[in-house]
Amino acid sequence: MDYTIKIGGAAGQGIQTIGFTLSKVFSRYGYDLFSYQDYESRVRGGHNFYQIRFADSQVWCPREPVDILVALDAETIRRHSDELTESGFAIYDSEDLKETYRGKEYIDVPFRRIALEQGGSKIMANTAACGAVLGMLGMKVELLEDVLASTLKHKETLDSNVAVARAGYDYGKDNCPECAFRPAGKAAARMTIEGNEAIAFSAIASGCKFYSAYPMTPSTGILVFMAGHAERHGIVVEQAEDETSAINMALGASFAGVRAMTGTSGGGFALMVEGLSLAGMTETPVVIVLAQRPGPATGFPTRTEQSDLLFGLFAGHGEFPRVVFAPGTPEQAFKLVNKAFDITEKYQVPVIILSDQHLADSAWSLDGIDLDHFKYSDYRLRGEAFAGLAEYKRHAFTDSGVSPLAVPGEGPHVVVTDSDEHDEEGHIVEDAETRVRMVDKRYFKKLAHVKIEIEPPELYGAEDPEVVLVGWGSNYGVMREAVDNLAANSRIGMMHFSELCPFPEAGRAKFMGILENARMAICIENNASGRFASLMRMETGFKFERSIHKYDGRPFTLEGLLEEINGHLSGVQRTKTGVVPGVR
Amino acid sequence: MDYTIKIGGAAGQGIQTIGFTLSKVFSRYGYDLFSYQDYESRVRGGHNFYQIRFADSQVWCPREPVDILVALDAETIRRHSDELTESGFAIYDSEDLKETYRGKEYIDVPFRRIALEQGGSKIMANTAACGAVLGMLGMKVELLEDVLASTLKHKETLDSNVAVARAGYDYGKDNCPECAFRPAGKAAARMTIEGNEAIAFSAIASGCKFYSAYPMTPSTGILVFMAGHAERHGIVVEQAEDETSAINMALGASFAGVRAMTGTSGGGFALMVEGLSLAGMTETPVVIVLAQRPGPATGFPTRTEQSDLLFGLFAGHGEFPRVVFAPGTPEQAFKLVNKAFDITEKYQVPVIILSDQHLADSAWSLDGIDLDHFKYSDYRLRGEAFAGLAEYKRHAFTDSGVSPLAVPGEGPHVVVTDSDEHDEEGHIVEDAETRVRMVDKRYFKKLAHVKIEIEPPELYGAEDPEVVLVGWGSNYGVMREAVDNLAANSRIGMMHFSELCPFPEAGRAKFMGILENARMAICIENNASGRFASLMRMETGFKFERSIHKYDGRPFTLEGLLEEINGHLSGVQRTKTGVVPGVR
Amino acid sequence: MATLAEYKGQRPAWCPGCGNFAILTAFNKAVVGLGWEPWQFTIVSGIGQAGKFPHYTRCNTFNGLHGRTLPVATAIRLANHDMHVAAFAGDGDCYGEGGNHFLAAIRRNVNVKLFVHDNQVYGLTKGQPSPTSLPGMRTPVTPAGVTEQDFNPVSAAIAMGCGFVARGYAADTDQLTELIKAAFQYRGFSLVDIFQPCVSFNKLNTYEWYKQRCYPLQDGYDPADFDAAFARSREFGDRIPTGILYRKESETYEERQPVLAGRAPLVKRVGNPSGLDETVREFA
Amino acid sequence: MATLAEYKGQRPAWCPGCGNFAILTAFNKAVVGLGWEPWQFTIVSGIGQAGKFPHYTRCNTFNGLHGRTLPVATAIRLANHDMHVAAFAGDGDCYGEGGNHFLAAIRRNVNVKLFVHDNQVYGLTKGQPSPTSLPGMRTPVTPAGVTEQDFNPVSAAIAMGCGFVARGYAADTDQLTELIKAAFQYRGFSLVDIFQPCVSFNKLNTYEWYKQRCYPLQDGYDPADFDAAFARSREFGDRIPTGILYRKESETYEERQPVLAGRAPLVKRVGNPSGLDETVREFA
Ligand SMILES: Cc1ncc(C[n+]2csc(CCOP(=O)(O)OP(=O)(O)O)c2C)c(N)n1
Ligand SMILES: Cc1ncc(C[n+]2csc(CCOP(=O)(O)OP(=O)(O)O)c2C)c(N)n1
Ligand code: SF4
Ligand code: SF4
Ligand SMILES: [Mg+2]
Ligand SMILES: [Mg+2]
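Residue numbers (the numbering used here), protein chains in the order written: chain F, 106 to 689; chain R, 106 to 689; chain E, -6 to 277; chain L, -6 to 277.
Since the hints were made in silico from the structure, they are not lab data. Take the hints with a grain of salt, since some may be wrong.
[Stated by the list, open to error] In silico PhoX-like links for lysine-lysine, alpha-carbon gap of 20 angstroms or less:
hint : chain 1 : residue 1 : chain 2 : residue 2
1    : F       : Lys498    : L       : Lys1
2    : R       : Lys498    : E       : Lys1
3    : R       : Lys498    : R       : Lys440
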C-alpha cells in the first residue's frame, strides 16, 4: 500500500494542523511516511497544500497521484481534482465552499456543521476533517484522540476536539463509500520529524549551547525549535538584529568557549559572508545552516531550490578551508550536523550545512532516535589542562596546522585572535614570512587533515550500474525511489553526495569508475544551471552529458523525475515546464 | 636603459610624495615608467617603500635590483641595501638617520640641512632628496620645478620648494660620484596614471553619474578620485554608512535612471553580496569594483592578492548572469570599465571589475588618453520614447531576454520591479510557470547574448608556443616581461585573461589548442590555491599540471617570476618563501 | 487629476482585518489629495507585509531587500531630485535589519519620506519579536517573553535630529491621511511611524490596545518646540499621542550638495560629462 | 594583584601624539585599579586605529571585523557571564558600519562596556568623514565639506535608554581612568564616548579645540536625572561637558534571561545536555 492524502486551502485555514495531526496518527499507527508542504509567502489566503504519503514500506519523496483530497476551498478542487487516482476521493464541505461537485469522487462532508453540533467552534471543522479521513480509511479514532491530547493543553478544548473528532470519524465511516484503500495497521508506533527539527535536534544533541539567527524562511523552524527547547537544554537562543550580528555572535560565543551555530537562507547568508571569512581567519569553530530557497534576492521565499551550492563553497574573501555538507534525509541531518560540530571544533574551520526548503519543511517517519549515535568530544583546552600550561599561543604553528583552542579565563594566559594576519600569539603582523607560514598552517595543512574526514557518496541500487543517477542534498529520496522503480528494467544506481566540500577523495577510484563505466550518468539538480555538475568537473574533470533540472521552485515528484529519466533512457528528451532535460 | 629607484622609510615621512614627484619628472622627460607601493596598515612609522622603474622602452612590472636607494631611515638601509646593483648607490642623510655607512655605494646627502639652509622647513628635505636624485642622474632640474608648480598651490611654499630642489640638485650633481647611469632624455612628455585612477577615470568618461562607497583599501583611491572630480563632471559621490548601503544606493540611482558604480575590497564586497543578487533579480545595471587584498577577513589591508576570483564569480544566492572583468593595466582598465558600463546597461546584468592592490596603487606611463575610445550608448527608455508608449512592462518577455529599461517619471507609465519573483509588470508572483519563464529570460536568454560580447584572452609572444604562461588580472605586466626575457631561449608565449565571466567562447578553439599543444602550460597566480586554474578546469576541463603561486601579500617581481619559470623549464621545482611551484 | 480609481493596484495578500488596509486607504487618499499621478512618485519598500505595500497601490516601485529601503530611496532621490520618493518599511525592516540606514538617513536629511508600518512584530515570517515588541511579549522565539527593551522610534528620531517626526495609527485613517500629506509637504527627511495592528501575530497590541491609548495631539501643541516634542515622544504607556510630534525645516542634503543644489536632477544630465580634457591633463 | 608592568603589550603602531596613547594609559590604570589580571577580561575590537587597542595592552582579545564589535562582545558575555567584556571601537566602526549593533546593544542591556575612540574621522583609512565629523569639514571624500549632520552618540544613547552614558576626553586621563572604572562597575551596558584627537587627519577637532570646550561635570550634577542628562548631552558647541552624563541601573539581559539568570555561565555547562529523552518523545 502507498497512499497520498493532500490537504489544500488558503493560508490560515489550518491546513498545517490537519496535515500535522494526520501525519502523527499515521506514524503512530506504524506506517512509513513522507509529507511535504507547499505554501506561499503570505499569512492568510492564497493557495497552500500539505501532502502526506504513507505506506507499509519506507517512502522518501512526494508522488503526484492523490488518493484523498481534503479541500478546504474551491480552489483546491479546481487545481487538484485531476490529480485523484481512479479510486480516489475528494472530500469537502459544500456549505463552506458554497459549491457542490458532481461525480462519485466528490464527497460532501459538513465539517463545520459537525464541529458546531458537538459544541465546538468553527475552527474545529479541521478536527472533523481529520476524523472523517480516518473514518474513511477505517482506522482507529483512538490514535487521533491521543494526538489531540498531546498537542492540546487545555482540557476543555481537548474535550470538545475529541468529541468533534469522533463525530467526524463516524460521519466519514458511515457516509463515505467503502474505501478501496482501507489499510491494516502496522505494529510499532513510529516518530515523525521534519528536516529543520532534525538539524536543530542534532545540534542540541551535539552540545550546541548558543544559537543566534535572524528569522528567514526556510531556516526559521530551526530558530523556533532551538528557542522552544532552550530552557530545557540550557541553550542561549538569541534573535539577532541582523545576519551580520547573528554570525558574529556565534563566533563570539564560540571564542568564549561554547559550541555555537547560526542559520539562515541565501539572502541572510550573503550578509554572513564576511563573518564566514572571519571564522576562517580567526580559526573560530562555527556551524552555519544555509537553508536554500529559490533566488536571486527575495525570490520565492517559501519554495525550494538548490542553487546556492557554489555560493556556499566559494563565499568569503581570501583562502581558508571550509566544510560543506548537504543532508538529504533526517538521518543524514543527524549524522552530518553532529559531524559538523565535531569537525568545526577539531580543525577550527567553519562548517556549512546546506539544506533547502524541501528538506526543512518535509516530514519523515523514524523508528526512533538513538542518542548514542551523537558523538561528543571536547577539543578545547579548559580548566586545569589550560591553566597548567607554561605558555599559550592561540595560533601556534603545529605539524597538523591545528593550534590549541583555549577557553579564555580558564587559565592565566591570554587568548588573542585577530582578523588581520597575525603571529602565533594572535598579534597583527605585516611580514611576508609569517604570512606564508600562516597560510600554510591555516589552509594547506588543515585542509589535508580535513579531507580525510570526508566520506564518499552513498551508492544505492545496482553494483555496476549502466545508468547512474547523480545528485545531492534533498534529492536523496526521489532519486532512491526512482532507482527502486526502474531497477526491474535497467541496471540502475544512485550516487548521492552529502559531503561536498572538500570534495571526497576517499572512494574516488570507485565512484569515478562507476561514472566512467556507466552508459549514462544523469546529474539531477533542483536548479537551472547545474551547480553540482560544475563542481564535479572542477574537482574531477568529469563532465555530465546529461542532466535533469527543475527550477520552478517545487521539488521533484517521483513521477516527474521518472518521466524525465525515461526520456533519457528511451532517447527522447522532452521539455516540460521547469524541467530542462539534456545537455547544456 | 632600465633604472629602478626605491624610496624607503616610515609611514608619514613623505615617501609617497618623493615617489610621486620623481615619477612625474621621469614621465615628463618621456621615459616609460612603472612604479608601485609597499605600505603597511598604519599612518606613521613602520616600513614602507615606493619603487619607480623607468626606461626608454615600455616597462610593465617591478624588478628587484635597485639602482638608487633613497633611504629616509636606517631600516631602509638595513632591509634594502643588498638589493643595490653593482653600480648602485644608496643616498641618505646621516644627520637624520644618526648613522653613517661605509662603502662607496653609500652617499651621505644632508637633505634636511639643504632644506633649512634654503629657508625651507624640515619636511622640504624630501624636495631636496628629489633634487639630489635628479642631480645624480644628470637630468634637468627644470622639470622638477614644473612638477612642483603643478602640485603646490601656495606661491610661497612653491618658491621655497623650488629653491630647495635646486640646492638638492646641485648637491647631488656636485658631490655624488659621476653616475654610471646618466640617461639621455626622450622626446615626448608622457602621462602617469595609477590603476585606481584609470578605473575611476574610465567610469567618469563612461557617463557614471553616481558613485557610492564605503572607504576600504585598496579601493579608496577610486572614491577619492571620484569625489575630487564630482563637481566638475556632475557626479554625486556619497560615502555610505556601510557597504550594504553603498550597493543599494548604486542600485537606487541606477533604477532612477543614471549610470552608477560602487567599489570596495573583499570584506566590503562580502557585505554587498545580497545587493549583487538583487541586481540580478531586478535586472538593475550596476558596476561593482572589487579591489582584492589578501584575506581572509581583514587580512593584509594594504597588500595584494588574487584570491577572490571564485568568490566574485559565485557570490550571490540564486542564479543570474554576471560579467567579471579583471584588467591588468590602465589601458585594460579604460577599456573594460567602459565595456562594463555598456554591458551592464545593455543587458541589465551586474558587472564586477576585479582589481587588486597591485593594480590599484601602481602607476604606469601613458602616451595620453584618447577620449574617442570611450563608447557611450544610452540603452534606457527616456523622455518621448518612453512617454509615447501605449503600455510599459518593466520585465516584459522578449526574444533576447532583455526588457525595456525605462526611466521612472519620464513617461506616464509606472516602472515596477521586485526582489521577489515577479511577472512582466514587476508584481510578485508565486506560480511555477512564470517562474520558469523568468529564469529562462533572466538567466539563459540574456546569458547567451552576454557571452557573445566576451573576448578571448590576449596572446603575446610566440605564435605557437612550447611554453605558455597563463594568468589573469594584474599579472599581465610581469608575465609579458617574462616572455620578452625568455623569448631568446624558448618558444614562449603569454595567455592573459581579463574577461573571465562568462568564460570566453570566442577564440576558444585557438586558445585551447595552444594550451593543449604546448609542452608546458604554467598557471601563474597571486594566491595559494589556484583560483583561476580551478575555473579553467570547470569551464574547459583543462587541468594545469604546473603552477606558480605567490601568497605573501607582495606582487611578483620580474626576477622572482623568472626564477620560478626557469625552475620549471629546467625541471627543478624550487620552494621559496611564498612561492609554491608545481602541481597541487 | 488622478482619482482614487487610478490607485487600484494588485489584490492585497494581507490577512483580513490587517491594519495595513487602512494605511493603504490613507495613502491613496493622500496622494489623490496631493494631486499626484502614479508615475510621479516612487515607493521603495523592503520585505515583510509592509514591503508588499507599493504593489497594492500604483506607483513607480522598487521593492528591494529586507532592511534596505532607505539607501535605495536616498539614491533615487539624489539621482532625481524632482521625484517624490517614499520608503515603506516594517518595524523589523527599518529598526531591525535596517537600523543603520535609519541612523544615516536622519543625519543626511535627504528629502525622502519614511513610513513605518509598526505592528510591533515580524508579520510575514510569522510572529517573531521586532525591535518595537514590548518586553515580556511571548513569541515562538521568546517563549519566556521578550528580554529586550522596546525601541521608541519617534523619540529616537527626535533626539537624533530628524526634522519631521509623526506618529499615526492605522485605524485613525483621516488623521493618517493628513500625516502622510504633511510628511510629503515637508522639505526634508521625515518619519511617520504608524501603529498597525497585526491581527494574526500580535495578540498584545490589538486594535483595542491602541484604541485605549492613542490620542491625537491637541491644536495647542507646538511641534516646533523640541523639548516638548521629545517629552511627548516618550509618552508610551497608558496614553500615546498621535500626530506631528516634531517639525522643523532645515537645509536638506540636496540643497547643500554642490552637484545638486539649484541644478537640474542628475537624471536629466546623463551622457558624456564635460570637462574631461581638463581631467586628462592632470595625469601629465 | 596585577601591576602596570603586566599590561605592557605590543608596540603601538599609532602616530606620535595620537590621542589613543592617553586612552591606553587610562585603561591600564583603570584595570590595575580594579585589581584585574589580563586573562580575567576580554576586549573585542573592530578595525581602525581604535581596533588595534587590545594588542597594546594585555587581555583576552577578539580583534574582529570593522563594525562588528558589539555582537561578538555580547555573545562572549552571554556565553560566559563571569567574564568582564568590553568593546573598543572607532567612531566609524561603532556609529557608521556598526550602527545597527549600537541600537540593538542598548535595547539588550547585556553587561558589556563600549568604549568609543571618537576622533570624528576615519583614521586608519586616512581621513574620510565619520558619523561624528562636523558638517562642513573638508576631507578627501568631501572636498566641499561634509554635507551630513553629525551624530551625537551620548544624546542618542540616553534617548534610547542606555543606562550608563559618559563622555571622556583622552587628554583628561585621570577623569578617563575613573570613567572607565565606573563603566566597569556599572551593572549593564554602558557607553563611554571618548574624544580622541587624531593629529594626522583631523585638523579641526584638535587638542586645542577640545581643550577650549571640554569641562567636567560638577559635583552637584545628578546623573540619575534623565531630563538633565539629556539636556546636557546636547550641549555640543562652545562648551562640552565630560563625565558621567547618565547612570541608572536596571535589570540586565543576563538577569532576565531564564537560561542564565542565577545560573553558572554556559561555558561551565558544556557537553551533552540533559533532558534529551524528553525532547525525543516529542517526535512520537
Ligand atoms: C536579509 C533577510 N533576512 C531575513 C529575511 C526574512 N524576512 C522577511 S520579512 C521579515 C520580517 C518582517 O517583519 P517587519 O519588517 O516588521 O514587517 P511585517 O511583516 O511585520 O510588516 C524577515 C525577517 C529576509 N527577507 N531577508
Ligand atoms: C567591512 C569593512 N569596510 C571597510 C573597512 C576599511 N576600514 C578600516 S578602518 C575604517 C574606518 C576607521 O575609522 P574609525 O572606525 O573611526 O577608526 P579610527 O581609525 O578613526 O580609530 C575603515 C572604513 C573594513 N576594514 N571593513
Ligand atoms: S500577518 Fe499581521 S501584518 Fe501580516 S498581513 Fe497578517 S495581520 Fe497584517
Ligand atoms: S591617524 Fe589619527 S587616530 Fe590614527 S594613529 Fe594617527 S593620529 Fe591616531
Ligand atoms: Mg512588523
Ligand atoms: Mg575614527
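Structure-based check of each hint:
{"no.": "1", "hint": "Lys498/F x Lys1/L", "result": "17 angstroms, holds"}
{"no.": "2", "hint": "Lys498/R x Lys1/E", "result": "17 angstroms, holds"}
{"no.": "3", "hint": "Lys498/R x Lys440/R", "result": "33 angstroms, violated"}
Going down the numbered hints, you'll see the structure goes against just number 3.
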